[in-house]
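Could you put together the complete structure from these sequences and hints?
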Amino acid sequence: MSAVSDQETGLLAEFDETVARHERIEPRDWMPEKYRQTLVRQIAQHAHSEIIGMQPEGNWITRAPSLRRKAILLAKVQDEAGHGLYLYSACETLGVSRRELTERLLAGRQKYSSIFNYPTLGYADVGTIGWLVDGAAICNQVPLCRTSYGPYGRAMIRICKEESFHQRQGYELLATMMRGTDEQRAMVQESVDRFWWPALMMFGPPDNDSPNTAQSMAWGIKRNTNDELRQKFVDMTVPQAEALGVTLPDPELRWNEERQAYDFGQPDWEEFKQVVSGNGPCNAQRMAHRRQAHEEGAWVREAAAAFAARSER
Amino acid sequence: MTEIRDEWPLYEIFVRGKRGLNHVHVGSLHAADDEMALRHARDVYTRRNEGVSIWAVRSDVIAASSPDEKDPMFAPSGDKVYRHPTFYDIPDDVPHM
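Residue numbers (our numbering), protein chains in the order written: chain A, 20 to 332; chain B, 2 to 98.
What the hints contain is simulated information worked out from the structure, not anything from laboratory work.
Backbone N, C-alpha and C fix where the C-beta goes; we use that ideal spot for every residue, glycine too.
Where hints are given, some of them may not hold.
Distance windows between CB atoms, simulated [claimed, not checked]: (1) B:60 x A:165: 20 to 30 Å; (2) A:230 x B:54: 43 to 53 Å; (3) A:330 x B:87: 52 to 62 Å.
Structure (structure tokens):
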């Protein structure tokens, strides 16, 4: 065996031992190239989701029904921007630049969560997104606080602290509407009907169709499988739906005494594939908006850089 | 697609959570200059009273120990057990020690 590969073997053993001890891998540690690539892909996709995720709700800021709701929604959308920045910051510690990440998103070479390709048709959707979409995000993100890559885990801890506000404001909004008129209650139900299945899709394809899961779990990047997290989300959400007084649109949904968990139907995985591959209701609109925002901000980036360069002289 | 020119430099951000505590590293961000780094740090890292003071430091001026030097750098502290209070035997009946 050559000296180089001997050294590589030693480094790999040290890496594996660190992961096995549930200690964190830090930016300047040696890591397998595939581990680095997997993290870049996952963290970037997560960061892009936060940034694109500002659009569906941002759509309603100017039409909030009261100043209170407007202040809440502004704070929430600002948080999404902040979450995107925490995650870009974590991703950059893996040796990829912000410029590259932005370029890959704009060129469609990196993805974002399929959920943000669905439209927001009314203000009830702001509540439903907070309750179901942020609720699903919390289920996904809480275990990621213990992910093996240090900067990613630390970003997730900050994000999880803030997501709780997101979910609660959404639930409170829906609860307020449910105490209103029949028309308002119907709006909530219609919104929940539209978002339930896309929310379940947020956990990704079923375990038997998720080829990367095993390796990601061996590396401690993921802590639970997609189906485990989906089950957890359903079990958490059903009692919340009952308290709210809405019906979840799944005829197969029922308590399973033996499993001590809810049985539920499968989302339309063909629709999921279509949305992920760019054919969802709003994919083109979301990307066009992101590109436009980026291009229209170019003069600000350039002017600030020019001003900084002049001040340094 | 427009070309992205002149990426702003990267800053590391440190926040003092409250009086009496050290500044702690919280993450990084891009800014054109020091003043913008502080403004952005306020918006990104202290939206909920997380701090009373912020340091922003250009990432490229930070000197860091490299992991390759881990052994020579930190190994000596391992065999200097006499640096630790537990190295010394004190009779049990001696108070406040």
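Practice task
Would you pick out the hints that fail for this structure and give their numbers low to high?
Solution key: Hints that this structure does not satisfy do not exist here, as all of them hold.
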